[in-house]
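Visitor: Chains as they are written, first to last, in my numbering: chain U, -6 to 133; chain P, -6 to 133; chain R, -6 to 133; chain V, -6 to 133.
Be a bit skeptical, because a hint or two may be false.
Given that identical chains are not distinguished, each listed pair holds provided it fits within a single copy or across any two copies.
As the list claims (entries may be wrong) - Using 27 angstroms as the maximum straight-line C-alpha spacing, the simulated DSSO-like pairs for lysine-lysine come out as follows:
1. 24 to -2
2. -1 to 24
3. -1 to 19
4. 41 to 24
5. -1 to 75
6. -2 to 75
7. 41 to -1
8. 24 to 75
9. -1 to 9
10. 19 to 41
11. 9 to 75
12. 19 to -2
13. 41 to -2
14. 19 to 9
15. 24 to 9
These are calculated hints, taken from the structure and not from any lab test.
Protein chains: 4
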Amino acid sequence: MSILKKAILPQELVSKLFNYAMSKAKELDIKISIAILDDGGNLAGFIKMDGASLISSQLAQNKAYTAVGFGLPTADWYPIIKDTPSLLHGLVHTDRMTIFGGGCPIFIEEQLVGGIGVSGGTADQDAECAQAALHAIEEL
Amino acid sequence: MSILKKAILPQELVSKLFNYAMSKAKELDIKISIAILDDGGNLAGFIKMDGASLISSQLAQNKAYTAVGFGLPTADWYPIIKDTPSLLHGLVHTDRMTIFGGGCPIFIEEQLVGGIGVSGGTADQDAECAQAALHAIEEL
Amino acid sequence: MSILKKAILPQELVSKLFNYAMSKAKELDIKISIAILDDGGNLAGFIKMDGASLISSQLAQNKAYTAVGFGLPTADWYPIIKDTPSLLHGLVHTDRMTIFGGGCPIFIEEQLVGGIGVSGGTADQDAECAQAALHAIEEL
Amino acid sequence: MSILKKAILPQELVSKLFNYAMSKAKELDIKISIAILDDGGNLAGFIKMDGASLISSQLAQNKAYTAVGFGLPTADWYPIIKDTPSLLHGLVHTDRMTIFGGGCPIFIEEQLVGGIGVSGGTADQDAECAQAALHAIEEL
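Just chain U, same shape as in the assembly:
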């Protein structure tokens, strides 16, 4: 049996993801919470900007969970399920499942190492912040 290896989400990257996401949030003039989970869905980092809403904490964590849980951006889900009523009315009840923008999977060398979730603006703004955060990976 050969032993497979996987890339690990490093703490240094978590800090950089925070910074890129917050830069974009400042540019958009929104206050966000950012949650970063590792490949096991466990919290690797979290930060809440001054003035971000109370409920953004839960939403950010759920988006990150959904993103790493499937390896897909959360914004992809509505188009996938919209024409299949059983999924549209059913899959959304999955624990922590989020079907609107703001969550992105984090890949290193094509391996899924975690997920980032952003909440505080509109779904589109949150998605923009999460996408901006992923630029941190290019610095690896």
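We have chain U; now place chains P, R and V onto it with these hints.
Guide: Just chains P, R and V now, kept in the frame of chain U:
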């Protein structure tokens, strides 16, 4: 680093909020539960009128939570999400989220200090009671 | 009715608390998780050092919660309850309650603004990291 | 920033761990549940022998969680905490924490890749089954 300060929801105000909401409920001839949460989403006060339904307790708390969680009246949510199907089918699954009337954020000097949630009548009646309660702030 | 105000835990301080705690952890050669909660017990920040144990995440958050929940360091609890068997066997069942070192309340200008919890070393080492983090407040 | 890698718990190993643990259980004439979690604390495999008790499922999963959560056999915990009353009365309340035998961390090339938990016999018998399962790693 300058130290920011925030206004605090005082217990004296909580009692006044109760009184205004209950006056309105008597006028409407309904029995309500009233939940008041502070800015951290923690219970600051709760009162159940004689004869209010069992489930009104949970509904009132969830409405207050949603109101303080976003800083918006719960009645605002359906109009916001109704034309964006991903939110209409997705955001409603957020834990404790309530998208019908009866929850209002509480602001003091333009700072969000908490939320009030009312349940026991129709959504419109509950919203009317919550709105009435907010007159207490003018007495500050 | 006069409106009371209280200091707010700023996001800039959260980042500094992380850095001081991690410096001490490196000095002690341990890998820790650090959780910072605001005065409402809501997550304001979280970071997990590379190699910190899975369970340190839960323990750090519980320590921070207990610290802000009572306004006392978690290490103070065992001496307080040890000679009162009803508390020793009873209070420990309080949800998220932690009675060993690693959690400290955060005060700004003598006001309780949050709690920090550290987990990953021994209780004494964790407490040392949490204490070290509090030096960040002197920079305010 | 260099990219760290870690070994992955393969499904083929999970099946072998089951077989070794069940062989030992048959030898001891006990009926067990066996839970195997990956490094993120997520279920990688579970099997319940015919006649194993209902509650053995929960106990096996909690033992596996504690083992991977700290990287230590669950049987090690009582000796570690027995002379430190704050831990003896406090650490045991950690969610899913188990301080008696039957849980073992799983290491591949000195890296923690998961945990195995066994329940159904006495704590000593369960620990014996979990230990026996680990022989599967030598076949890698």
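Visitor: Among the hints numbered above, which are violated by the structure, and what are their numbers in rising order?
Guide: 5, 6, 11
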